[in-house]
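Novice: Letter by letter, the chains look like this.
There are 2 protein chains.
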Amino acid sequence: MWDNSILKCIDCGQEYDVGHVRYRCDCGGLLDVVHDLPMLGKRRLRDTFDARWGSRETPDNSGVWRYRELIVDAPVECIVSKPEGNTNLYPSAQIETYAGVQRMMLKHEGENPTASFKDRGMTCGVTAAHMLGCKTVACASTGNTSASLAAYAAIAGMQCLVFIPEGKIAYGKLSQALAYGARTIQIEGDFDTAMELVQKVCNEFNVYLLNSINPFRIEGQKAILFEILQQLDWEVPDWIVLPGGNLGNNTAVSKGLRELHQLGIISRMPRMAVIQAEGANPLYRTWKDHTTFAPMHADTIATAIKIGNPVSWKKSLRGLEWTDGVVEQVSEQ
Amino acid sequence: MWDNSILKCIDCGQEYDVGHVRYRCDCGGLLDVVHDLPMLGKRRLRDTFDARWGSRETPDNSGVWRYRELIVDAPVECIVSKPEGNTNLYPSAQIETYAGVQRMMLKHEGENPTASFKDRGMTCGVTAAHMLGCKTVACASTGNTSASLAAYAAIAGMQCLVFIPEGKIAYGKLSQALAYGARTIQIEGDFDTAMELVQKVCNEFNVYLLNSINPFRIEGQKAILFEILQQLDWEVPDWIVLPGGNLGNNTAVSKGLRELHQLGIISRMPRMAVIQAEGANPLYRTWKDHTTFAPMHADTIATAIKIGNPVSWKKSLRGLEWTDGVVEQVSEQ
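First to last, the sequence lines map onto chains U and Z.
Per this note's numbering, numbering of the first sequence is gapless, rising by one per residue and ending at 353.
Per this note's numbering, numbering of the second sequence is gapless, rising by one per residue and ending at 353.
A hint or two may mislead.
Heads up, the list lumps identical chains together, so a pair's fine if it works in one copy or across two of them.
Stated by the list, open to error - In the DMTMM-like style, the derived pairs of lysine to aspartate or glutamate whose C-alpha atoms are separated by at most 25 Å in a straight line are:
1. Lys127 with Glu97
2. Lys127 with Asp80
3. Lys155 with Asp253
4. Lys127 with Glu224
5. Lys326 with Glu77
None of these hints come from the bench; they were simulated from the model.
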């Protein structure tokens with residue numbers, strides 16, 4: 021149940037009730053959704069997940085809510101789902117040969133309903149908004165995030181506000197948000213200004229903020245990992261490799277792995293590799309040189325990971341420790 | 021088995037062995053892949069399909085090959101699959117309200133590996149190419165078709181040729197084809213010229229043609245229908261509604277329905293509605309006025325269905341009869 025989870029600061033450990041709107045700790049630290057693992061450990065969750073595999077019924081047919089005990093254990097009638105997930109895990113003999121590895125598979129998150137992994141976080145975030153009684157949701161975004169949020173807000177009958185920095189619009193994605201009835205607000209200023217403004221609006225008008233800082237989105241994104249492992253019949257791979265921009269996915273994967281391991285659903289931890297673009301590599305710099313994290317000016321053609329000040333850098337460092345992980349950088353080529 | 025199917029002309033009824041490359045009848049008529057339904061009727065195919073549902077094993081984990089007895093019953097080791105299909109069937113309370121219907125669901129074929137339904141036909145067409153011993157495949161295309169063909173040719177280790185009419189390139193899609201190693205040949209002339217040229221090349225150089233005329237692609241696209249029905253636990257909806265451009269999908273759906281009905285897997289036929297754009301409505305004109313089919317100059321912003329001379333018009337008329345179907349047109353708005 022929802023009540024079996026709490027929000028907990030990753031810095032000072034302060035705990036908060038999930039039933040109240042909160043994005044950060046009073047100390048400024050990021051929040052984790054922490055589940056009651058000792059209680060959950062008494063249940064045969066892996067059997068539960070496997071029994072739901074292939075289900076045609078809502079919400080078991082969702083590649084997120086199939087794992088709801090470890091995500092947000094919301095009452096079924098509160099869940100806002102398309103459904104989402106159920107993306108394929110592709111083998112590729114050609115890439116295996118190229119990379120010189122025996123077995124490698126690709127998880128194609130573009131197969132989500134609005135065409136990105138964001139749907140996994142948003143189904144969870146909008147469900148949280150629903151349970152918190154919010155009627156309006158908002159984000160600052162130039163692309164996938166707004167499309168996904170608008171889609172889920174539409175299902176829930178919520179108003180959706182999207183704050184857009186000037187001149188930074190991915191039109192294909194914005195048209196998705198508009199088609200789902202989102203209200204878009206173009207502001208004078210860059211992404212940071214848009215982010216500031218949306219936070220102000222959320223605090224003043226009981227609007228629920230669904231940018232990356234929202235801890236429930238990370239919970240939903242854990243389902244990428246859960247689904248990979250279930251597709252492999254819970255056989256743990258040696259490595260899980262992810263691109264790193266805002267660092268939400270690697271944060272989610274490491275948190276999910278740790279939970280599965282603590283519950284005994286997997287018997288060993290795979291290692292995690294986070295790959296950054298040379299021109300947007302703040303985590304790589306910190307990890308490689310053991311230096312304090314420092315934001316940077318990001319520049320890469322890989323726009324989705326062109327982020328110089330990633331929200332989840334601290335959660336990422338923790339996750340790298342948990343998984344004996346590495347960070348690598350790659351050139352534009 | 022492959023040998024339990026034949027190619028049969030929809031005009032004169034002439035039969036041909038599936039084991040030889042052939043795209044049209046000697047009389048010029050289109051070919052159907054005809055399966056040995058009396059033999060298949062003795063097997064409990066629905067149980068077979070249901071037993072494969074949710075499988076993690078190749079090729080049962082494909083939303084096409086799960087139904088292989090009714091598509092191309094190729095030996096498992098010959099199948100060229102990503103896998104594909106397994107696209108979600110979404111409810112939408114909002115659209116139900118808007119349309120004034122009690123229950124309506126959306127099949128999101130964009131969730132296929134290269135992001136369109138073309139993958140369902142191509143997995144089947146490239147498997148046929150493989151069984152026919154062809155080492156090179158080709159198509160004339162400006163978009164989804166080339167991306168999909170290139171992806172499957174890459175898996176099979178085949179050379180892929182794409183003929184592109186000048187100035188009519190969807191760059192996002194073309195870049196997919198290039199990334200999969202296709203050789204693209206831009207020609208001076210329109211789509212019809214490109215089509216003529218690719219047919220000539222295929223006939224002269226033992227290259228396998230995978231444009232819409234290829235009957236195996238229709239077989240693969242039938243899996244859209246099979247998967248919808250299986251997702252509904254074989255409960256037949258009242259209507260199946262499809263957009264109509266080149267008319268391959270409605271052809272596939274009507275053929276699949278007829279086969280399922282003849283096999284007793286469904287107990288009644290749903291009706292089929294084909295929706296065309298006002299500016300590209302040759303099937304609508306023929307169906308509404310009971311006139312002879314006539315190609316037209318097509319013009320609509322819905323580029324994927326902007327086709328004035330659809331390959332499958334004759335198969336479509338047959339399918340409309342089988343399903344007590346209708347054709348409707350809609351404005352650009």
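Novice: Looking back at the hints listed earlier, which ones does the structure fail to meet?
Specialist: 3, 4, 5
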